[in-house]
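Engineer: With the hints as constraints, model all of the structure from the sequences given.
Chains H and B are the protein sequences, given in the same order.
If you want this note's numbering, it's the position in the first sequence, counting the first as 1, plus 7.
If you want this note's numbering, it's the position in the second sequence, counting the first as 1, plus 1113.
What the hints contain is simulated information worked out from the structure, not anything from laboratory work.
Model, not experiment: these values are computed from the prediction.
Do not take every clue at face value.
Stated by the list, open to error - Below, a sample of chain B positions facing chain H; criterion: calculated Cβ distance under 8 angstroms:
#1 GLN1209
#2 GLY1321
#3 THR1343
#4 ALA1371
#5 PRO1372
#6 SER1377
#7 VAL1522
#8 ASP1525
#9 GLY1528
#10 LYS1550
#11 TYR1551
#12 GLY1556
#13 PHE1557
All C-beta atoms in this analysis are idealised placements derived from N, C-alpha and C, irrespective of residue type, glycine included.
Okay, here's what each chain looks like letter by letter:
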Amino acid sequence: MRQMAVPIAAAPPATRRVRRSYRGWQFVGPFMIVFALVFLAPIVYAIYLSLYRNRLIGGNAFVGLDNYTQALQDPQFWSGVGRVGLFLVVQVPIMLFLALLVALALDSGRLYGKSFFRVSIFLPYAVPAVVAALMWGFIYGSQFGLIGNLNDALGITLPDPLKPSLILASIGNISTWQFVGYNMLIFYSALQVVPKSLYESAAIDGAGQVRIIRSIKLPAIRGALVIATIFSIIGSFQLFNEPAILRNLAPNAITTYFTPNFYAYSLTFSGQQINYSAAVAVVMALITMVVAYVVQLRGTKDL
Amino acid sequence: MSRFIKVAAAASAAVLALAACGGGGDDSSSSGSSGGGATVTDAQVEDALQKGGTLTVWAWEPTLKDVVTKFQAKYPNVKVDLVNAGTGDKQYTALQNAIAAGKGVPDVGQIEYYALPQFAIGKALTNLNSYGAESLKADFNPGPWNSVNNSGGVYGLPMDSGPMALYYNKEVFDKYKIEVPKTWTEYLEAARKLHKADPKVYITNDTGDAGLTTSLIWQAGGKPYQVDGTNVTINFQDAGSQEFVKVWQTLISEKLLAPISSWSDQWFQGMGNGSIATVATGAWMPANFVTSAPAGKGKWRAAELPQWQAGQNASAENGGSALSIMDKGANKELAYGFLKYANDGDGVQIRVDGGAFPATSKTLADPKWLGDEFEYFGGQKANEIFAKSAQNVVTGWSYLPFQVYSNSVFNDTAGKAYVSNTTLADGLKAWQDQSAKYGNEQGFTVK
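Structural biologist: This is how it looks when you write it as structure tokens:
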């Protein structure tokens, strides 16, 4: 009898717990619905699509992981991944280094017209990416663009920035121009929260500017550096606007599989290969997640 | 729903009947099956027009707006909803999406000739043989008519066409005392002379254009694409293709082509300032000259396309489009009524007056139209040249049933020849292989 009494006594709290959890759901419900609709549903749908293959002849059929096996063996896809990988290891360090340099210069307090520089370096970020790419396209034009004008005016022949061997560097230049200001702002705001008293005591201890940067400023903004790096990795892997716009000017230098994102786009809109495109997108998302995660783990190891 | 099935069944039955006749688009087979194929008579179409209803038309052709206004005035019960869903590829994407979703499919769509087979084979279009469309054959020029025929079915009525001509800047040719080329060999010579006389001047621009390449191979008598249902052959090693490769490779190797893409700002600038001396393209071009290269007014002229063999007068089509009835459209009799009005009836004159280049043989023989003087071409009666070109289009050409995709990878493959040591022949082979790979993936048998 006693044994039976225990569950009865325990029952009321159990029902109360159920009711309480529903109340919680009522609070997060609206968010969860929107989250599920605009965030989870597209991902689930892409995965669903990637398991089928719709052909002009033969219609739609479930093919399991065939699209994924195809993507993993697709030289065009991997050449795109290789290209953004190269872009990542070359352009991102240059851009972040420049951004850091500018942020440190602004923070040093020795710069005349500080706010003017801050705004003008940030300004390119305010230019929409498509407009920026178009603008740079005009600059790069070797027939009627700025390069062409320079060639004419000076009687020289500059290398064509839109030729296949230079196009990636040219795109890197656009990205650097556009995002130095943005990253500078991240670093600069991180530097703003470093207590000024640290600099004073370092100065009293006889530390020079270089030492202050190495021992105080850089460690202080390490978190910001990691964040900026992760943003840049994601940005590089998602490279799309610049190749898509510049392709009109350099159709032979920029292939339809120039970057993985552009490849997915071409597959969908020129070849109607929606299913394969979805598989490519999912694989690319996984690669990006893994790389970004590894960088985050390493970057924040002993923070 | 049952009506839809009936129409679809009739359409596919017609396809089967024609396929049984040998699949060719020649006279005897199509007239032989017309009795069994025509399930909707003209009277039924006329009834539908009188009864009225709503039609959705997806098209970007600007002169259609006037056609719609006058069509609605003639048939007050019909309401036409003309939608510009994008130009070319953009509209095809929207159309493919609507077809895949089975919702929001228009009744009528504008489809370019090169893209038509893709939609026809995807069963997205209604075979107009069941409306007796094959009896309209004589009304249209052979080139466009051939283009709407696919495996024995008629999948649209030709709206406009692009018989090719060579547009040239007379001022530039006169300045350097160079004859307007009659053959492509002379064209190559002229290219050398022009570029030598002034390194800023190029005979033409080209950064690898699938449409131009296929059109010139077409003119040279090449037939790289053979399509028989789902059996497709792609072969850029045939004589016509080789002819093209020989001349074009030289133009590329000797850097005689301006590295400017067509339709770019630089292109129109070049036509205006004399640095691009010729453009070989369709007869729809004059309107673009007037609006986008106004600086060239009075300097340019039209001429017959240079020939691959001296003394011939072969031509080809470049561009042009048809109006087709979508298989999933709701109001097909009405749609056919609109098609006939716009492309075979009163609509033709309305569009020609608006500056379109017609696909109908009657217009091409009209002395008033032939006598039109083009202000941009210094008063030249250019329509005479275009009409002649339209009659000389080489027959027997067909596009791939997946040409839209194929053209999209032209610059990935053949385009390499323009910017690297890859030869054009190797580039075209790579294009062929890439197209074949896609075709096989899509369920065709490509050789």
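Engineer: Hint numbers the structure violates, sorted upward?
Structural biologist: 10
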